[in-house]
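K.L.:
Residue-level listing of the chains:
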Amino acid sequence: MIRIIFFKELTDHFRDRRSLLGSLVLPVIGPLLLVGLFQIVENLERERPLDIPVVGAEHAPRLIQDLVANGAHILPAPPDPEELVRKGKADMVLVIDASYAEHYRSAQLARVRLIVDDSRNESHKNVRRVERILLGYTQGLGALRLMARGVAPQAASPLGLEEIDLATPQKLAANLLSMVPLFLMLAALVGGMNLAIDSTAGERERGSLEPLLLNPVSRSSIVIGKWLATSLASTIIALVTLLGFMLTIQYLPLERLGMKVALGPLQAGQILAAILPLTLFGAGLQMLIATFARSFKEAQTYLGLLNLLPMVPAMFLMLGPPPDDWWMLALPTMAQVGVVVRVLRGDLVPGWQLLVIALSSLAYSAICVACLTRLLSRERIVFGR
Amino acid sequence: MIQIEGLEKRYGAVQAVQGVSFQAEDGKVTGLLGPNGAGKTTTLRMLSSLVEPDAGRALVDGIDVRRQPREALRRLGLLPDSRGLYPRLTAREHLTYFGGLHGMRRAALERRTAELAELLDMRELLDRRVAGFSQGERTKVAIGRALVHGPHNIVLDEATNGLDVMSTRAMRGVIRSLADSGCCVLFSSHVMQEVSALCDEIVVFARGRVVSVGSPAELRARTGEDNLENAFVKIIGTDVGLE
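Protein sequence lines, in the order shown, are assigned to chains G and H.
Per our numbering, residue 1 is the first one in the first sequence, and the count goes up by one each step.
Per our numbering, residue 1 is the first one in the second sequence, and the count goes up by one each step.
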């Protein structure tokens with residue numbers, strides 16, 4: 001009997017093209033989003049050519065030499081420097097005063113102005129480079145002048161400041177990879193959502209629940225058949241999503257960013273071992289909630305909110321390291337996200353932990369199924385009053 | 001054979017069914033007539049095991065519905081008040097699904113599907129998806145689904161609701177032939193003309209009670225009316241909710 005109900009629900013579901021396409025959106029968008037964001041990170045990291053239009057370059061040949069020696073390309077002076085920067089056609093424009101040479105020789109303050117647009121993030125990096133070159137130039141020059149006057153240069157610069165930038169490309173890329181567990185969780189929940197609703201709230205709204213219950217079949221067989229069908233639909237979507245990520249990660253230029261992510265069969269197996277029990281629980285929980293809804297639409301609203309749930313552990317992960325307290329293994333979605341993150345970082349999760357995850361999810365599923373079975377004997381649920 | 005013995009059901013302050021007893025015999029069409037809200041549907045739901053009575057019992061071929069619901073359901077073919085279909089399945093798949101749930105094997109199912117297609121005149125509907133069906137076509141599928149396991153006791157709640165004149169006539173023919181083949185047919189309706197035309201035995205419902213039972217001739221004689229419909233109105237005391 002369970003088999004008959006299971007196959008009927010699947011046949012029915014797979015003929016529903018619109019909801020099927022809807023559930024395929026996630027597995028397609030996830031990997032595509034990953035590729036797109038990676039491209040953006042890579043572009044950010046790739047150094048922009050250091051082009052500097054200079055006004056009055058002829059007044060300061062040494063300074064220009066120093067800039068060129070540090071990798072800058074000096075461009076001819078534009079007619080309207082400020083306009084050029086404001087429109088974002090140049091990261092900055094260097095303006096050297098006509099009085100520069102005279103002031104330089106007489107050791108007065110020789111003015112150079114750097115015209116920048118601080119609101120443009122993409123030019124920050126180059127502006128900082130030029131500022132550092134200019135600062136180095138003026139400090140070197142100052143040191144020479146002090147030495148010429150018999151003073152130790154250190155006297156004028158008590159601090160030796162050195163900046164070490166930790167925002168490495170690896171870090172950014174690792175942050176991007178944390179969307180992988182989120183999408184896998186979502187797929188494991190959303191994949192069977194339509195079936196969960198259609199076979200509970202939908203069945204009643206359509207008026208086919210009463211005829212179904214008039215068959216000599218136990219309530220538990222009916223519930224289990226529907227539950228397994230929903231779980232399978234979720235599993236398929238989760239599998240497709242995982243496969244998509246495996247392919248993308250294989251072809252992403254992670255090595256160029258100095259990262260090593262292995263997502264081979266062993267890793268995929270571990271991720272699956274964590275996610276498959278979640279599809280069982282997700283299916284049960286969604287059916288339970290949908291059963292209380294008065295209509296298909298109402299159920300969709302509730303389950304839409306439920307599907308925000310995996311966002312919570314994902315948010316935690318953005319903030320800190322993956323949780324590995326034992327009690328978190330018994331928290332669905334939290335545990336799964338932890339496993340995926342650890343596997344992506346190259347660790348393998350011990351088998352006993354996977355077992356705890358599986359058993360806890362199975363226990364929750366059993367509770368859902370038992371509740372559903374009891375609900376189907378209630379007049380108020382069956383007749384929707 | 002269906003026996004209803006002293007069924008009672010209360011919803012909050014409303015006594016929906018009070019002390020209802022009657023029986024429907026094999027080879028006869030027994031009609032439940034009463035205005036909407038008279039307790040017919042609630043009584044049939046207690047018969048089908050979906051609603052638990054506060055008191056009394058329902059027997060199908062001597063089997064207590066409450067004690068052995070699945071045994072009773074095997075002997076019942078029920079067309080309930082709600083008769084939703086699965087729009088993405090074909091008519092044949094509906095019959096196969098419900099037949100399967102009754103434990104029927106493939107060969108028996110195919111034979112029965114062909115029989116029902118003949119009986120309900122739905123051969124050309126069989127392999128079409130239900131989504132585009134008319135009301136009458138849907139009702140045929142719903143009745144086919146209720147009869148797929150060849151039940152001996154057939155319960156139809158407002159079977160001709162929403163049907164056009166032609167379909168209604170065809171449906172009457174089907175109901176008549178089922179009774180003639182020895183089945184026990186219990187048929188509820190709020191349409192007087194339908195009950196007059198079809199039933200061998202009539203159970204008249206009003207305000208949750210059975211107010212009169214008898215053959216059409218007996219009901220006419222009891223009320224002193226020549227016209228059966230006038231007799232109904234006299235028994236119930238009003239024609240509100242009747243057609």
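Be aware that one or more of the hints could be misleading.
[Said to hold, decoys possible] A few chain H residues that don't get close to chain G, going by computed Cβ distances all over 12 angstroms:
id	residue
1	L73
2	L79
3	G100
4	H102
5	V155
6	G182
[As the list claims (entries may be wrong)] Here chain G is said to cover these stretches of chain H; the calculated rule only asks that three of the stretch's residues, wherever they fall, bring their Cβ under 8 angstroms from a Cβ of chain G:
id	stretch
7	33-42
8	224-237
[Claimed, not checked] Some chain G residues near chain H, calculated using beta-carbon distances under 8 angstroms:
id	residue
9	R15
10	P216
11	R219
FYI, nobody ran anything at the bench for these hints, they're computed from the structure.
All figures in this text were calculated on a predicted structure; none of them were measured in a lab.
For every residue, glycine included, the Cβ atom is placed at its ideal position computed from N, Cα and C.
K.L.:
Does R219(G) meet its interface restraint, that is, does its C-beta lie within less than 8 angstroms of any C-beta in chain H?
P.N.:
Violated, because the Cβ-Cβ distance from R219(G) to chain H comes to roughly 10 angstroms (cut-off 8 angstroms).
K.L.:
Interface hint check: P216(G), Cβ to nearest Cβ on chain H, cutoff 8 angstroms. Holds or violated?
P.N.:
The hint holds - P216(G) has a Cβ within 8 angstroms of chain H, the shortest such distance being about 4 angstroms.
K.L.:
Hint validation: R15(G) versus chain H, beta carbon distance must be below 8 angstroms. Holds or violated?
P.N.:
holds, 4 angstroms
K.L.:
Is G182(H) truly not at the interface, in the sense that its beta carbon sits beyond 12 angstroms from all beta carbons of chain G?
P.N.:
holds, 22 angstroms
K.L.:
Test the statement that H102(H) is away from the interface with chain G: the closest C-beta pair must be farther apart than 12 angstroms.
P.N.:
violated, 6 angstroms
K.L.:
Evaluate the condition: distance from the CB of G100(H) to the nearest CB of chain G exceeds 12 angstroms.
P.N.:
violated, 4 angstroms
K.L.:
Is the claim that L79(H) lies outside the interface with chain G correct, judged by CB distances over 12 angstroms?
P.N.:
Given that some Cβ of chain G is not farther than 12 angstroms from that of L79(H), nearest at about 8 angstroms, it is violated.
K.L.:
Take a quick look at L73(H) and tell me if its Cβ sits farther than 12 angstroms from every Cβ on chain G, holds or violated.
P.N.:
Given that some Cβ of chain G is not farther than 12 angstroms from that of L73(H), nearest at about 4 angstroms, it is violated.
K.L.:
Determine whether the non-interface label on V155(H) survives the test: each CB of chain G must be over 12 angstroms from its CB.
P.N.:
Violated: least Cβ distance 10 angstroms, not greater than 12 angstroms.
K.L.:
For the stretch 33-42 of chain H, do three or more residues have a beta carbon lying closer than 8 angstroms to a beta carbon of chain G?
P.N.:
violated (count 0)
K.L.:
Three residues minimum, CB to CB under 8 angstroms: does the stretch 224-237 of chain H make the cut for coverage by chain G? Let me know.
P.N.:
It is violated, with 0 qualifying residues against the three required.
Consistency with the previously given hints fails for numbers 1, 2, 3, 4, 5, 7, 8, 11, ordered from lowest to highest.
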